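Please construct the entire structure, taking both the sequences and the accompanying hints into account.
Residue numbers (the working numbering), protein chains in the order written: chain A, 1 to 376; chain B, 1 to 127.
Treat the hints as calculated values from the structure; they're not laboratory data. Worth double-checking, as some hints may not be accurate.
So these bits of chain B aren't anywhere near chain A, every CB distance computed over 12 Å [to be verified]:
#, residue
1, 12
2, 91
3, 115
Below, in silico cross-link-like pairs of lysine-lysine (PhoX-like), each with a Cα-Cα straight-line distance of 20 Å or less [said to hold, decoys possible]:
#, chain 1, residue 1, chain 2, residue 2
4, A, 84, A, 271
5, B, 63, A, 173
6, A, 41, A, 173
7, A, 173, A, 84
8, A, 360, B, 63
9, A, 270, A, 81
10, A, 139, B, 63
11, A, 270, A, 285
Fair warning: this is a prediction, and the values are worked out from it, not measured in the lab. Glycine included, C-beta positions come from ideal geometry on N, C-alpha and C.
Residue-level listing of the chains:
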Amino acid sequence: MSTISRHTALHPTHEGLNAHFTDFGGWDMPLRYGSELAEHKAVREAAGLFDLSHMGEVWVSGPDAATFLNTALAGNLAVVKVGKAKYTMILAEDAGIIDDLIVYRIADTRFLVVPNAGNAPVVAAALAERAAGFDVEVKDASDETSLVAVQGPAAEAIVASVVTGDGQAAAVKELPYYAWTAVAVQGIDVLLARTGYTGEDGFELFIPNVDAARLWDILFAAGAGHGIVPCGLAARDSLRLEAGMPLYGNELSLEITPLEAGLGPVVSLKKEEAFVGRAAFEAAKAEGRGTSTGRRLVALKGLGRRAARGGYDVLKDGVVVGRVTSGQPSPTLGYPVALAMVDVEFAGPGTALDADLRGKAEPFEVVSLPFYTRQK
Amino acid sequence: MSAVKSSLRYSAEHEWIDASSPAKVGISQVAADALGDVVYVDVPEAGTALTAGETCGEVESTKSVSDLYSPVTGTIVEVNQAAIDDPSLLNSDPYGAGWLFTVEVESEGALLTAAEYASANGGDVVD
Numbered sequence: 001m002s003t004i005s006r007h008t009a010l011h012p013t014h015e016g017l018n019a020h021f022t023d024f025g026g027w028d029m030p031l032r033y034g035s036e037l038a039e040h041k042a043v044r045e046a047a048g049l050f051d052l053s054h055m056g057e058v059w060v061s062g063p064d065a066a067t068f069l070n071t072a073l074a075g076n077l078a079v080v081k082v083g084k085a086k087y088t089m090i091l092a093e094d095a096g097i098i099d100d101l102i103v104y105r106i107a108d109t110r111f112l113v114v115p116n117a118g119n120a121p122v123v124a125a126a127l128a129e130r131a132a133g134f135d136v137e138v139k140d141a142s143d144e145t146s147l148v149a150v151q152g153p154a155a156e157a158i159v160a161s162v163v164t165g166d167g168q169a170a171a172v173k174e175l176p177y178y179a180w181t182a183v184a185v186q187g188i189d190v191l192l193a194r195t196g197y198t199g200e201d202g203f204e205l206f207i208p209n210v211d212a213a214r215l216w217d218i219l220f221a222a223g224a225g226h227g228i229v230p231c232g233l234a235a236r237d238s239l240r241l242e243a244g245m246p247l248y249g250n251e252l253s254l255e256i257t258p259l260e261a262g263l264g265p266v267v268s269l270k271k272e273e274a275f276v277g278r279a280a281f282e283a284a285k286a287e288g289r290g291t292s293t294g295r296r297l298v299a300l301k302g303l304g305r306r307a308a309r310g311g312y313d314v315l316k317d318g319v320v321v322g323r324v325t326s327g328q329p330s331p332t333l334g335y336p337v338a339l340a341m342v343d344v345e346f347a348g349p350g351t352a353l354d355a356d357l358r359g360k361a362e363p364f365e366v367v368s369l370p371f372y373t374r375q376k
Numbered sequence: 001m002s003a004v005k006s007s008l009r010y011s012a013e014h015e016w017i018d019a020s021s022p023a024k025v026g027i028s029q030v031a032a033d034a035l036g037d038v039v040y041v042d043v044p045e046a047g048t049a050l051t052a053g054e055t056c057g058e059v060e061s062t063k064s065v066s067d068l069y070s071p072v073t074g075t076i077v078e079v080n081q082a083a084i085d086d087p088s089l090l091n092s093d094p095y096g097a098g099w100l101f102t103v104e105v106e107s108e109g110a111l112l113t114a115a116e117y118a119s120a121n122g123g124d125v126v127d
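Structure, rendered in C-alpha cells:
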C-alpha cells in the first residue's frame, strides 16, 4: 500500500510561498509559511487564508436523506433548515466517536457532510454501509473538492469584495454563523459557508479542484489591503485551542463517548431514530459518564510560564488523575493553555492541579471554556 | 536554505560554539527553523558545570520542546538574559543576539566545521 503523502490542488501555490510542510492525516500540508505566531496574530487581528482541501466532502441525497442521517449520525439533522449547517458526530455502536463533522443542508433531500482529513475515507465508508435500506445515494467527492478558508475580523469585507453575482456582497454580510449560500467569484461557483475553526468570524469556500488556485489568488489579492496572511496548520491548531475547540485524535477518539468530551448536547435523544450508538450512549449517560463517573474534558490555564503538552500526566497532590490532550502557550492570552481528560472529581472550574512537565510538576488551574472569545 | 555561519563550529545536535574565550554557545539556524517560533529558553545558571554531550537545558517552541546539549565540558560564565526575556531572538538572530551562554572550556566534545555541518544538514555556509 502506498504511503506517499497526498497533495492538495494548492500544493504548487504553497511551494511558491515557501511553505514548511508537515504530514497531516496522510496529506502533505503547510505547517507554516513563515512565523506561526505571526499567522496566528493575523487571524485574530486581520485575516488568514487557509488551504483545508485535505478535509472530506461526502454528499448524501435522496428521499430518505434526512432520516438516514438521523440514523447514521448523533445529531438531529432532519430539523436543520435548508441553508443552515450543524456540528455533529458519527458514533460507533459502543458510542465511541468515529469523527466530528459539520453537515450542511443543501436542499430538503440533499446534505453535504464534511469529515476530518484523516477520517474521510472511514466516514464515507461508514455512511455507505449505514445507507443499506434507505433510499439515498452516498457520494464521496473528497478527491474532487477543494476547500479554502478566510478567517478573521476582515474576512467578511474580503469575501464580500470578491463575489460577483447581483446582491451577493450583501448576502455575504448578512450570512449568519453556521449558514451557507451559493456565490460566484469571477466565474467560479462557490459554496460559501460561515463556519470555521478559529474562534473568529470567517468563511469556508468549497470549490472544485480546478478552481482552487485561482480562488486562492483572488482572495489573497483582495485581502492584501486588509493584511491577509497565508496560514498553516500550526496556526490553525493554536487558534482552535484558544477557542476551546476539540481536535479529533487529541480530544476526541473512539475511546470516549461525547459525554466525556462535554459534548452530550450534540447528541439528540429527542429524535425518534435509533441512531447508531444510541443504546450505548443512553447507558453511559444513565451511569453518569463524564459527570459523576469516569473522566471529563477540562480546560487548564497554566499559572507558570511552561506549557503542558499532549500526553503529559495531570496530577493532584502527586497522584495521576488525568492526561493532557492538547497544550501550548497561548499567543493571544500570554499564558499556557491546555485541554485535558481528568477524573470527574477534579473537573470543576477553580480546581488546582499540576501537569507533569517532563518530570517537574507545574501548577495549572481548571477554567471554563473557551479560553478566548472574540469581540463581537 | 538555512544559513550556517562559517566562523563557528557545530555539534551534531545543532549547537554552535565560537572561538572566543570564554566561548559563546547558541543554536544553529537549522535548529531554529525546524523549531518554529521559540517561546521559552531554559539554560543553567552561571557557575554550572557542563559535560560535553549531556543535556544542559531546553528550547521550547509553540509546538514542541527540544533538549540543549552542551558541545563542551566546562563551566558556564554568563547567560544571555536578553534571549531568556525574548526567545524570538533565537529565530531572528541565532548566531548573534540569540546566543545562549558563554562557557570556560576545559575540553571539547565532537565538533564539526561549518562545511561539515552544512553538508550533514542541508544548510548554506555564509560568512
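Here is what the structure says about each hint:
no.	hint	in the structure
1	12	holds (22 Å)
2	91	violated (7 Å)
3	115	holds (25 Å)
4	84/A - 271/A	holds (18 Å)
5	63/B - 173/A	violated (35 Å)
6	41/A - 173/A	violated (23 Å)
7	173/A - 84/A	holds (16 Å)
8	360/A - 63/B	holds (19 Å)
9	270/A - 81/A	holds (17 Å)
10	139/A - 63/B	violated (36 Å)
11	270/A - 285/A	holds (14 Å)
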